[in-house]
Each structure stands twice: as C-alpha cells, then as structure tokens.
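Here is what each chain is made of, one letter per residue.
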Amino acid sequence: SQQGEEDPQALSIQEGENATMNCSYKTSINNLQWYRQNSGRGLVHLILIRSNEREKHSGRLRVTLDTSKKSSSLLITASRAADTASYFCATWTTDSWGKLQFGAGTQVVVTP
Amino acid sequence: DTAVSQTPKYLVTQMGNDKSIKCEQNLGHDTMYWYKQDSKKFLKIMFSYNNKELIINETVPNRFSPKSPDKAHLNLHINSLELGDSAVYFCASRPGTPTNTGELFFGEGSRLTVL
Chain A
1 SQQGEEDPQA LSIQEGENAT MNCSYKTSIN NLQWYRQNSG RGLVHLILIR
51 SNEREKHSGR LRVTLDTSKK SSSLLITASR AADTASYFCA TWTTDSWGKL
101 QFGAGTQVVV TP
Chain B
1001 DTAVSQTPKY LVTQMGNDKS IKCEQNLGHD TMYWYKQDSK KFLKIMFSYN
1051 NKELIINETV PNRFSPKSPD KAHLNLHINS LELGDSAVYF CASRPGTPTN
1101 TGELFFGEGS RLTVL
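Sequence lines, in order, name chains A and B. First residue of the first sequence: 1, per the working numbering; consecutive thereafter. First residue of the second sequence: 1001, per the working numbering; consecutive thereafter.
So here's chain A without its partners, still in its complex pose (with noise of 0.2 Å):
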C-alpha cells in the first residue's frame, strides 16, 4: 500500500506563479523526501526534511512538515516551464532494512 498521498494529483499553473502540494502519511517517519520526476525520465531528489524540523528551504524549494498532522508541502515559488513534472514525497518504512515508499505523485503543468 501507498505511504504516502499526495493533493493535488494534477496541477496546472502559469510561469512565475508558485505551485503547492500536500503529502500525508500514515506512521511516524524519521524523515520525509521530495523527488521530482520528468516525462519519461528516472526520479531525482530534491530535498529531504527530518521529523525534527519544521521547515527547509533549497533554491526555489520550500518544504513543511507537520508530524502531528503527519502531513508535508511542497512549495515551488516563480515556477518556470521547466519545472513542468511529477513530484513524489516518500518515507521510509521502520523496519530494520527500511523501504522508502512513494505517494502518489502530483503532475506539474507549467504553461509559459
């Protein structure tokens, strides 16, 4: 089963504006990672955010998570038409190997 789900599953937006995601998920995380996957192509990290922080920031990325709301955003500010793409969050399992496990995903539309 999916850890993780994401809102929305599909967003369309115009360059510049920013673009937000939601991922919820189900049992306590020692942290929570963010991929972004182009048509066609493999997923690539884009941030990882511990369960003891509230908020990280990477270039245009922001990242929240909320543990007792077991929820995480992504914020993408003055998005550009290459942003256009998939956007994951994924947790590890607890188990002693661990399984990072996906959500869903969001599809990015970024229109020029």
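Please note that a few of the clues may not be correct.
[As the list claims (entries may be wrong)] Mimicking DSSO-like on lysine-lysine, the simulated pairs with C-alpha atoms at most 30 Å apart in a straight line are:
id, chain 1, residue 1, chain 2, residue 2
1, B, Lys1052, B, Lys1009
2, B, Lys1052, A, Lys70
3, B, Lys1040, A, Lys26
[Unchecked claim] Okay, the calculated bits of chain B under chain A, using three or more residues with CB under 8 Å as the criterion:
id, region
4, 1038-1046
5, 1103-1110
These aren't lab readings, by the way, just hints derived from the structure by calculation. The structure displayed is predicted, hence computed values, not measured ones. The C-beta atom is built at its ideal place from N, Cα and C for all residues, glycine as well.
Since the structure of chain A is provided, determine the placement of chain B on it from the hints.
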C-alpha cells in the same frame, strides 16, 4: 558517466516470453533496488539487494527473479510475461548499509510493454 544505468530503455514483447532488464551503478553504492511504476505512476518496491544479498522481497510473483552478480549490478529476469507486467521498471541505489534514512539514486527506467 551515468550514475545508474538501465538497459534496455524500451522493451516490447509478446505474452509468454522471458525477458531481462539490466542495471549497473558506478556510484560505489552497497544497496540496490527494483521498483515498478504502473500506468498511474504508482511506484512499488519489488526487491532490494545489499552487497549481492537479497534483503527485501515484496509480494512479487516468482516469475520475477532478481540477480546481483556483484554489488554494482542488479538484473531482473521475468519469465512467462503477462499483460499486467507492462510497466516502467526502475533500478535505484543508495550508499551504505540500508537503514530507514537517506536518498535513492534512480536510473532512467525501462519501459516494458507486453502485447
């Protein structure tokens, strides 16, 4: 200088055939994975190897057999292909002993289409 490379990128075959997908990583990582991404983009872990040893085997039909000849390579062989096997298969790797932390490095995917 691709970090995680998979071959082939595309594979079209008939039901009942046997096929293999190969993965190699030049990152020096100890742990490798196979994930399956379906048509709705859901990603599901299939297998994981750490230093050539199988450590994760999800509920995958035994028609799927992974093999890791060394820690830089992880292959996936699929017997008696079925329509439902059509998907994109991703190889991934990570450094060190597998724990519940850290990021994965993904290959570009191998799109399998079963007719």
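Hint check:
Restraint check for lysine 1052 of chain B and lysine 1009 of chain B: satisfied, since their Cα atoms lie roughly 24 Å apart, inside the 30 Å limit. At most 30 Å may separate the alpha-carbon atoms for a hinted pair to count; lysine 1052 of chain B and lysine 70 of chain A exceed this at roughly 35 Å. Between the alpha carbons of lysine 1040 of chain B and lysine 26 of chain A the distance comes to roughly 21 Å, so the proposed pair stays at or under 30 Å and holds. Chain A is given as covering the region 1038-1046 of chain B, and this holds because 5 residues of the stretch bring a CB closer than 8 Å to a CB of that chain, at least three being needed.
Note: the region 1103-1110 of chain B has 7 residues with beta-carbon separation from chain A under 8 Å; the three-residue rule is met and the coverage holds.
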